[in-house]
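Starting from the known structure of chain A, fit chains B, C, D, E and F onto it as the hints suggest.
6 protein chains.
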Amino acid sequence: MRPSGRAPEQTRDIRITRNYTKHAEGSVLIEFGDTKLICTASVENNVPRFLKGAGKGWITAEYGMLPRSTGSRMGREAARGKQGGRTVEIQRLIGRSLRAAVDLNKLGEHTITIDCDVIQADGGTRTAAITGGCVALVDALNHLVKTGRLKASPLVQMVGAISVGVFDGTPVADLDYAEDSTAETDMNVIMTDRGGFIEIQGTAEGAPFDREELDSMLALAKQSIEHLFDLQKAALEG
Amino acid sequence: MRPSGRAPEQTRDIRITRNYTKHAEGSVLIEFGDTKLICTASVENNVPRFLKGAGKGWITAEYGMLPRSTGSRMGREAARGKQGGRTVEIQRLIGRSLRAAVDLNKLGEHTITIDCDVIQADGGTRTAAITGGCVALVDALNHLVKTGRLKASPLVQMVGAISVGVFDGTPVADLDYAEDSTAETDMNVIMTDRGGFIEIQGTAEGAPFDREELDSMLALAKQSIEHLFDLQKAALEG
Amino acid sequence: MRPSGRAPEQTRDIRITRNYTKHAEGSVLIEFGDTKLICTASVENNVPRFLKGAGKGWITAEYGMLPRSTGSRMGREAARGKQGGRTVEIQRLIGRSLRAAVDLNKLGEHTITIDCDVIQADGGTRTAAITGGCVALVDALNHLVKTGRLKASPLVQMVGAISVGVFDGTPVADLDYAEDSTAETDMNVIMTDRGGFIEIQGTAEGAPFDREELDSMLALAKQSIEHLFDLQKAALEG
Amino acid sequence: MRPSGRAPEQTRDIRITRNYTKHAEGSVLIEFGDTKLICTASVENNVPRFLKGAGKGWITAEYGMLPRSTGSRMGREAARGKQGGRTVEIQRLIGRSLRAAVDLNKLGEHTITIDCDVIQADGGTRTAAITGGCVALVDALNHLVKTGRLKASPLVQMVGAISVGVFDGTPVADLDYAEDSTAETDMNVIMTDRGGFIEIQGTAEGAPFDREELDSMLALAKQSIEHLFDLQKAALEG
Amino acid sequence: MRPSGRAPEQTRDIRITRNYTKHAEGSVLIEFGDTKLICTASVENNVPRFLKGAGKGWITAEYGMLPRSTGSRMGREAARGKQGGRTVEIQRLIGRSLRAAVDLNKLGEHTITIDCDVIQADGGTRTAAITGGCVALVDALNHLVKTGRLKASPLVQMVGAISVGVFDGTPVADLDYAEDSTAETDMNVIMTDRGGFIEIQGTAEGAPFDREELDSMLALAKQSIEHLFDLQKAALEG
Amino acid sequence: MRPSGRAPEQTRDIRITRNYTKHAEGSVLIEFGDTKLICTASVENNVPRFLKGAGKGWITAEYGMLPRSTGSRMGREAARGKQGGRTVEIQRLIGRSLRAAVDLNKLGEHTITIDCDVIQADGGTRTAAITGGCVALVDALNHLVKTGRLKASPLVQMVGAISVGVFDGTPVADLDYAEDSTAETDMNVIMTDRGGFIEIQGTAEGAPFDREELDSMLALAKQSIEHLFDLQKAALEG
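Chains as they are written, first to last, in the UniProt record's numbering: chain A, 1 to 238; chain B, 1 to 238; chain C, 1 to 238; chain D, 1 to 238; chain E, 1 to 238; chain F, 1 to 238.
Chain A extracted, bound-state conformation:
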């Protein structure tokens, strides 16, 4: 029995709101139940030093949590003078995942930065960031086309992400904080809407997991992410 009363394969209510703030080329509020993030996509007309002159673009991501997005206040990373290890790990994952959505060779010498800021946390912030960030990214790519800087969007495929895990012996999808903090295994799965895997990160928090549990979690993830692709599509058409 899940704390939220959800069925094992049931995700939380997921909402995607585009144009949430006015300045960014893409700006999305994504909600996975009580988990809420603002994902913005910002376009700059240059590329990092290691790509100078290569004639291609770059996509990178940054992640942050408002100090009181969580149950007890976390110290502000800007005040402490460095990003923590968890933050660095998450923003590298978001960046890698979203680069898979785009043909960087067709992006021109632009950098798109996806900022994912957690307004309220209740588990699954990194998968929400990837899912919402992909929508903001699409808006930014379309902005480049509309403003004449690119002839066609270099979007290759949509990318979505969900967490799955083994909670109280049962594989479940889209863990909330109550589940995440006690789950035996936590796995983040990132897929494309063509059915391939971009990244799989499964971690045994307590006991190791076996092959059967892995297969169950992968099946749940596939099913949930297909639902995310429907929601992304609806939002982009809305």
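Hints should not be assumed to be uniformly reliable.
[As the list claims (entries may be wrong)] Covered by chain B, per the in silico footprint, the following chain C stretches (three or more residues, Cβ under 8 angstroms):
1) 87-100
2) 188-199
3) 205-212
Simulated from the structure, these hints should not be mistaken for laboratory data. As the structure is a computational prediction, the values presented were derived from the model and not from experiment. For every residue, glycine included, the Cβ atom is placed at its ideal position computed from N, Cα and C.
Relative to the frame of chain A, chains B, C, D, E and F by itself:
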């Protein structure tokens, strides 16, 4: 003629939404037109080292801007490894101002941290932070009473803040970004609902200002802040 | 009754010594009673990145205190690895104030850095820094003329600064440390020798201040700063 | 055809040398072909703050590369003033993996730090670090028993790790640098000698990977890690 | 022929002014010609962690240069966020040297920090810092006796320092900047007034130096430092 | 009687192993008894900013210790975010010493970085670093000749270094940790194979040392360093 078409003494539409996020003891979304901040108040059961054993409490503030709250993306302070001078200056002002609202001797050994995070910027973020932060602070004080940690709220008075300036030769209230970036003089006025001044910070951006302009700005500020006290009161009673 | 026995409108003995050290283009020792600072003005033949190619110059300031300039030793900011919030706030104020003295468009692509280092502190260091820094700045501007790098000094006006406050219920000028640490209100006023205000920063340390107190403080400030202009002029002619 | 001429399931020559340096409680040189790391395990008689008084121990890991362990010199992280994102990500993975080897409740209030320093890099440093670090950890646990600080070793199971990937369309085990830098998919698999998974991290570097490739990689990983357990056992008995 | 016209064994005019600032327990202005430093000695009633409970005291030193103490402005270390290598090297030397002046076992659990801040630099700042710092230290030790915190001064011996070098083929004493920047060899010698060496640091800047040059430099150093002891003694008796 | 049973003038067994790792242009394992360091020399085709366009090269050094190279684990400098004072002092010494081996004017616009990383520490790491670093440097210079980037090696002379000291009243050579931690005086001597001094750093740890002790230590150093030159030569010819 103001770019927004407002009359000189007219503030933007100001909205105060309490309980905006669920974890903090006080959580407010404050909007001054397109300027939007989340102000949370977090209570901790200890005090900074310099107050240990003094039997009194402390109120402090931190300020941040989401990287794409502005027209062009700003580098994330957490990634750059330090808070900029403007950030430090603003959060010190917010902290000083809100400490004036409370009798610290009656707060017990608690620290309340007011986090003011700018979601979208269009001028006047520091005055919005103080005005919204005061409402979040009141909620946190009341939370201390409700949970039995204090017998009565140590609130002494409400605090509100507005920016005034001289734009195109005319004193105006509540400058937005279009005005702020070209105003000759920019002054932030922080007052209490008993009519006293907490802080005045007036800066000539271009030509110096004279005594007559100063008096006009102070009059506009007084009038605008009285309006803010009405809005704070309505929000707290709502 | 002031601790020093001074009359309310009476400043401390103020001394300005030019050419205090030999390397800088301008070098001033300024003393407000026991408050002593070295203010140097250093000219560099370039401008910050945000001004590259704009054909104008820049003036900036840095502020520091020797670790034992105060009653108890403060940690050295260089050793702690960052400048404190108070330092940042003060040096930004000094920079803004001194930029008002000069027509940056006529400064050429030069940067002048005003370093204000407190040798001994007894209250009022930021106003002493502005007052002494302006003299060092004038010397550096004249140096640019003498060495043929500018045809005429771009000096527009002199800038002077004084702290005023409400001590024990009475408005007083030029607070020393004994007054500053217990004053109800502390206000720094920066003016030009043409009579305009550059900056006003008034802070209620305890009880809020009212309009009448504000007016008294402004009157004291005006009178004191006129005295500073006489001293600056005498030093520059000396 | 692999650049090294190895068969797809063939690992490099792997060597484990215990007691490589003299000061640490456990000290191992691990070589996966040309990849060489020193893994030391250091025991301290205290625990991190978040475990104080909990009556259990902690295991953590740090990772570093000598500046010229790689083909071109990397800047020294100590000189740059921070550990890079990749370093942080790797050392968190090593720590999580090795904590799975031990019953922390039976470790007493000790912290064991596993330092993994890359002397020479040729791909697969993180999996070599986990495999070699586990041997150093066992030595440190036995040291605690020998010196009477623990009655029995809290070792629960051995942990081993291997990288697998899809190179030129073929799933292969134990990628070296020549393969790693061009592989389509790179997956690190960490398992216990009881057959469970501790962590799976699979990343599509180019094209997404499908379920069939995933299954092939997992089979290769299982086979390779069983070989690692034989080598660990032989080293510990040697 | 030395640029200054001095004889090889001739030091610059050296002046020691005690009680230069009012807050510190010891405060000295030391001048070696145009090289000018403020050396303060600050007493704290505690010791560093590594000495807690050892029943002895500690002496440490910090060194800084005002940004425009030199011919061209140096970046402020506090603003750059770290002390440079040269600064660290110098302050460690000053600390080691001055600890030799005192019996730390008789200092009680006090820490004395010697701050040496260069107001104007013209070569030889580190040796001036040691020589002047020793006088400030003596004043601070006497202060501990006068205020009843120690029964007797734990001073063991005076410490003085001079730079010597080989300039244009000739061994010379007390190099100024013009000499220092072109000398073939630069050696700092720190001695006690009982005739022993505390530290010798000789560096060949260009060609190596031979034994004969070493002996000449040591003889010059001994002679010069004896002169410093006379000046220290006169200042302390003055 | 020395703890190791060595005669006063007897060094430890010293071994120099070239080509210890495969990536660097020069790579040496140097062992002074139980003190073991990896010294690599890395060539880059550019020079630091202060040498741009000067047509000459640069040699610099960095030093580090593996966290458990010592008896108790030291915090990793990369994790603490800065290099300690001792590290900075040592790497500056290594750099200065090795620059004396080379005619920088004939090095072309190349920078050679000598990385000295301590694998196991037992006293004398800085002198071992210089001695081993010089061999790695020679290999890197020869590499520049072999690859056609220089016509001839700009090597001027070999550089070697040894620590000498006064232990239990007797001057001894090549102090190990047991001696170093209790010696009255510790002196590092760096010489060239032409017999000149590059650097002398002698420090009285306890009682000051006198001229006679200094002369004895210098004689021991000369004799030991001549032995080092034999070993360097043998290694380079081997």
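Hints and how they fare:
Coverage of the region 87-100 of chain C by chain B holds. Counting CB-CB distances below 8 angstroms, 6 residues qualify, and the rule asks for three or more. Counting residues of the region 188-199 of chain C whose C-beta lies closer than 8 angstroms to any C-beta of chain B gives 8; at least three are required, and the coverage claim holds. With a threshold of 8 angstroms between beta carbons, the proposed coverage of the region 205-212 of chain C by chain B holds, since 5 of its residues qualify and at least three are required.
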